[in-house]
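Participant: Generate coordinates for the entire structure from the input sequences, incorporating the hints supplied.
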Amino acid sequence: AIDGPIIWAADDQTLFRIDPRAAENVQRFTAAEGLPDEAIQAMAVAGDDLWLITRGGLARLDRKSGRADVSKDIRFNIAAITVGGNGVWLVSDAGAWMTPLGKQQWKKLPDFPGQPDLAQFAQRGFWYKLWSAKTRLWLPWLHANADGLYAIAMNRLVRYDPTADKWATVCGSAWMATAQGRTIWAVGTNQVVRYDGQKGTSETFQAGRAQAAGRAVGQAADDKAFYLVSQPDYDAKADKFVGGGISKLDLATGKWTVTESVDGTDIRFCQSVLAGSSGGDWAACKLYDRVVQFGAHPGMAHIKKFVPHATGIGVLHAEPGGKWTLTKLDNLKTESAWVLGQRGTATTDKIGADAAIRLCCADRKLWAIIQCVPEDFYSGYSLCVGSLMRNPPPAAAWQAGVRLYSDDTASGSEQPDVLLLSGSHGPEFVLGEGCPDMLGMEPTPAGLVVVNENGVFAQRGDSFAPLLRENFRVYWAGTCAAPSDSGVWFGGDSGTISKLDRKTGRVELVGLVPKSKVVSIFGGIATVADAPVVLPRGLTAKDMPAVDKSVTLEPAASARPGVCDYVCKGNYLCKGDTRVAFLRGVFKPAVLCADPVANRIWLSTYDGLASIPMPADK
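When you line the sequence shown up against my numbering, it's residues 698 to 1315, in that order.
A portion of the hints provided could be inaccurate.
Listed next, the in silico SDA-like pairs over lysine to any residue satisfying Cα-Cα at most 25 Å (straight line) [claimed, not checked]:
1. Lys1285 - Tyr1303
2. Lys1002 - Glu1072
3. Lys1002 - Phe1074
4. Lys804 - Trp838
5. Lys1272 - Ala1174
6. Lys952 - Ser870
7. Lys1272 - Val1288
8. Lys1285 - Leu1206
9. Lys805 - Ala719
The following label-pair restraints were derived from C-beta to C-beta distances [stated by the list, open to error]:
10. Gly753 - Gly976: 40 to 50 Å
11. Asp766 - His1006: 52 to 62 Å
12. Trp803 - Ala843: 32 to 42 Å
Honestly, the hints are just simulated from the structure, not real lab data. In this text, a Cβ means the ideal position worked out from N, Cα and C, and glycines have one as well.
Facilitator: See the structure below:
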């Protein structure tokens, strides 16, 4: 959440207040300040209140006192929250609520159209990661203004009218929307709907008649025009792509114009659009030289799809009232990396920028969230932030200037030399997988601020510096654990030693034994064995506090026996051959130790650590 110069960010256990201007720029709030022991999904700033959407319900941080409290009355699984129209609005699978600004008087609203379906879907959730993704799918947009509350829920745009205290469906098919004053633009299957909230009237524009046909991927609006960018569909009978490009509705004349090519170059594979920024409008498209046919999915190779073979990114710029000009950014795939396929196969391939899926302007540069993909492989990508164009003073014209910032912002594939790294791709590759999700780019007076799952990074000239860098990721698998009076100690398969502090409820990285694996923690002593270690992108050995191989964690007098009679067989917790419980919501669990202080059992899982209550004797 952006609060003027202040940035609020959250991970599973901590809320961070970040001031890029201050020397001591990070303030932390944890369970010690009253935060709930639930992952934070979203937040909204409203005066002295910071409202928090958590996996278990609603919480509030009093920004004056620095204390948090949890609502006992509003509980849900997934939710979205926004501020506007003199109120704070919340929409969830359990219903919708509203409170006036500056107050904590939440009023339950009537059920909105689609709310029973949303509740049914949310109850079927499994992993939190899945819930997080589904929040973006099921509740992708929320906006409040003088006319009430607008929400996209279960692929329909609905409006709550406070004066009538009821909901109405504005558009029955919508997956993205934007607000332009009191006008709401909604994009759905083969249509754009313009809704005037003040008059309560709507107008529908059909794809292929007004705007271009094809799959809509982005939209933008300013006080002069509405823009829609879309990508074409392949017509197998005609053996050609149909639709796609940049569609512009001039608000003064009410006329649509569709741009499919600029200077003879096909720009129909558009990816993003930015309106009314830095001297005009911007869009990005995929440049290609031929059409190739791929399997739709590794597990669905018999289903073929036709896609363009990318050669670069096209940046489109239109001065106010002018036509689009095209800058071609070619030959962007220059980095060599291992690409891992099915059944343990591996090959080297060229990796590089292939798509610019989000745009913004800051510090006289055009920035984008970039997808980097292989040259020849059929799937897989990593995300990073990069600059595409620049306008350095005193230059009057924009110039091409591509630069990616994967290392500076700890983004891209976690292992710089590998793409699609996964244990499922063969026993030889066991390091890890994935790339951090890009959560946002925020222009500030000092430059660009990038937020991803690895931290918060601020532009410093021609590089980025971490404002918040979460060095401890449970990227390393837990191998052993032991309780003590003050907490629980954990060892990892890449030499990490971490501790759960009982007071704060937070797991902190204590140190790393270089090129080692922690095999046991007993009596306050950690034992390690030699093992290769490859640190993920954005981390170097100097970022990790190194400790010696003879590690004394704390006096043996405070150590507790962590002996446990339970084992995991699949997802069943067993005592001997007897199944005691089914462990729901985790993948590949293994028992690490018992914690007699908290009367719990600690587990390692595929994506972290987890604890469960000690089963009753019966």
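Participant: Run every hint past the structure and note whether it holds.
Facilitator: Consistency of the hints with the structure:
Our distance criterion of 25 Å between C-alpha atoms is met by lysine 1285 and tyrosine 1303, whose separation comes to about 5 Å. A distance of roughly 17 Å separates the Cα atoms of lysine 1002 and glutamate 1072; the hinted pair therefore holds under the 25 Å criterion. At most 25 Å may separate the alpha-carbon atoms for a hinted pair to count; lysine 1002 and phenylalanine 1074 meet this at roughly 14 Å. Distance hint between lysine 804 and tryptophan 838 is fulfilled; the C-alpha atoms sit about 21 Å from each other, no more than 25 Å.
For the hint pairing lysine 1272 with alanine 1174, the CA-to-CA distance comes to about 24 Å; that is within 25 Å, so the pair holds. Straight-line distance between C-alpha atoms of lysine 952 and serine 870 comes to about 23 Å, which keeps the hinted pair within the 25 Å bound. For the hint linking lysine 1272 to valine 1288, the alpha-carbon distance of about 11 Å falls within 25 Å, and the restraint holds. Pair hint lysine 1285 plus leucine 1206 holds up; C-alpha atoms about 23 Å apart against a cutoff of 25 Å.
The suggested pairing of lysine 805 with alanine 719 is violated, with an alpha-carbon distance near 40 Å, which exceeds 25 Å. Hint check: glycine 753 to glycine 976, Cβ distance near 46 Å, so the stated range 40 to 50 Å holds. In this structure the hint that aspartate 766 and histidine 1006 lie 52 to 62 Å apart at CB holds, the actual value being about 55 Å. For the pair tryptophan 803 and alanine 843, the supplied restraint of 32 to 42 Å is violated, since their beta-carbon distance comes to about 21 Å.
The structure shown violates the earlier hints numbered 9, 12.
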